[in-house]
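Chains as they are written, first to last, in numbering that gives the first Met the number 0: chain W, 0 to 470; chain G, 0 to 65.
Just to be clear, a hint being listed does not mean it is correct.
Not close to chain G: a few residues of chain W, all C-beta gaps over 12 Å, as computed [unchecked claim]:
#: 1; residue: Asp-69
#: 2; residue: Thr-72
#: 3; residue: Ala-108
#: 4; residue: Ala-116
#: 5; residue: Asp-251
#: 6; residue: Ser-258
#: 7; residue: Leu-259
#: 8; residue: Glu-301
#: 9; residue: Asp-326
#: 10; residue: Ser-416
A few chain W residues facing chain G, derived, Cβ under 10 Å [as the list claims (entries may be wrong)]:
#: 11; residue: Ala-317
#: 12; residue: Phe-360
#: 13; residue: Pro-403
#: 14; residue: Val-404
#: 15; residue: Pro-465
#: 16; residue: Asn-468
Here are some chain W residues pointing at chain G (derived, C-beta under 8 Å) [said to hold, decoys possible]:
#: 17; residue: Ile-101
#: 18; residue: Arg-307
#: 19; residue: Gly-419
Since the hints were derived computationally from the structure, they do not count as laboratory data.
These numbers come from a predicted model, not from an experiment.
Heads up, the beta-carbon is just placed ideally off N, CA and C, and yes, glycines get one too.
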Amino acid sequence: MSEQDGNRDWSLAPAASIAAAVADGSVRARTVVAAALDRIGRIDPAVNAFTAVLADRALAGADRLDTARDRGTPLGPLAGVPFAAKNLFDIAGLPTRAGSRINRERAPAERDATLIARMEAAGAILVGALNMGEYAYDFTGENIHDGNTRNPHDPGRMSGGSSGGSGGAVAAGLVPLALASDTNGSIRVPSAFCGCFGLKPTYGRLSRAGSFPFVGSLDHLGPMGRSAGDLALAYDAMQGPDPADPAAARRDPEPVRPSLDAGVADLRIAVAGGFFARGGEADAFAAVAAVAGALSCTRTVEIPEAARARASAYLITAAEGAALHLDRLRARAGDFDPAVRDRLIAGAMLPAPLVERAQRFRRWYRAAVLDLFREVDIILAPCTPCRAPRSGQTTFVLDGVELPVRANVGLFTQPISFIGLPVVAAPVWLDGGLPLGVQIIAAPWREDLAFRVARYLERAGIVRAPVANLA
Amino acid sequence: MTDTPNDPAFDPDTYARAVAGLLGLPIDPAWMPMIAANLRVLHAAADLVGAFPLPDEAEAAPVFAA
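The shape of chain W in the complex, shown without the other chains (with noise of 0.2 Å):
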């Protein structure tokens, strides 16, 4: 099996670049493949990104697609492109296991999920189901039945979660395209402590048909990648209204392509001050600021009540997670991951009219919220208060306060997907050392604007997602 390709190691090309070469065929869609079932069997056992490889159904998907072309057959804009998707997006063939032990045992999914059909009918080839932290409820990439996602920047430190195996595929350079989830912060997470690009859209634009679900009213679906322009080829092909998603917004497909480079000279951005400003290390706020000064902003905006919104959404997610998952709880409690065992019982536990204020809030908060987009485009803050802890740590000390990692990773994601806001989370590498994220976050509908802005700090250099070096 060759990687090579008129002289390219395919396995590490952008989606965009393998699409344009498989649709002029400079290179054939089985040789991109290989490439990259060869390279995830080299490096994959050092990350743990993967739970299963699909390489006969891979090959003979870039097979249909080379037979295609030969036809003279248009191919789509994902032509010929691998990817591999968190496994709780139902696939054919597979339980979906939502990383859980119990799911497993699950009749297989009789078909794949809307997201990946969709990116299969734009070309792109799905190479795999990936790792993630037990039924989504977690931000560090540790799993008890599937062992951990390692950091392939820094194996020793956590890949993040609960989309672990989604940042740790995509920064390994397994697949330069993943989908993942984020109900607090999933695809925010990962992608700061991997340095990849992520999107999460705003709540109700990506169908989550045939995924396995954590709390309804705050699951996203997204995907994750290495390039700005790569995430808008993917997050194009894969919008689209769709009546099997009870919360898909019936809205037609928004492309965000056509203006990426339109530039950022007409929007106003601010930095979320307040609560967005403190309770981090440092270094989450000086990436934030590195932003802010490649993009002119000197404006800051408070983002009114943040504290209690993260506290709502913790309180929500406690409640209807629980509620998903009480009679697995009844039956089977051994089973679960004990970490996630404990928060889902104690979620359960909840009395409703604590969990009813919480939703009640959230409208409040919503409107206050919508006012702030009347002033700005963008609002910028940190994806996470510090870089990757050590793989295993289960507290850190923010502001001097000694803290749960798995509870308080998502500080500062969590009040932004509470109301459903789009969100590009975008690499930021102040130094030698491990990356850090940054929220470019729009009013609702709004992807277009995070997109330019993301493309416009990329092209001047001061976000960006490298391969790890792992040879």
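Take the given structure of chain W and dock chain G to it, following the hints.
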């Protein structure tokens, strides 16, 4: 949020044991310290949210729409 209970009268161990029966949840005593710790965090979060005055007209949305 910290895991410091705002109301010292709240005893998460007693509460958890009482509610477990209502929920039909079998709880191994060895799990209780972490369940109690999580309840304290949730209690603090609920206090923070509950302290914010909301108009009676602020209704929860069954499905949140951005």
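> Hint numbers the structure violates, sorted upward?
Replying inline: As far as the earlier hints go, 9, 10, 14, 15, 16 and 17 are violated by this structure, in ascending order.
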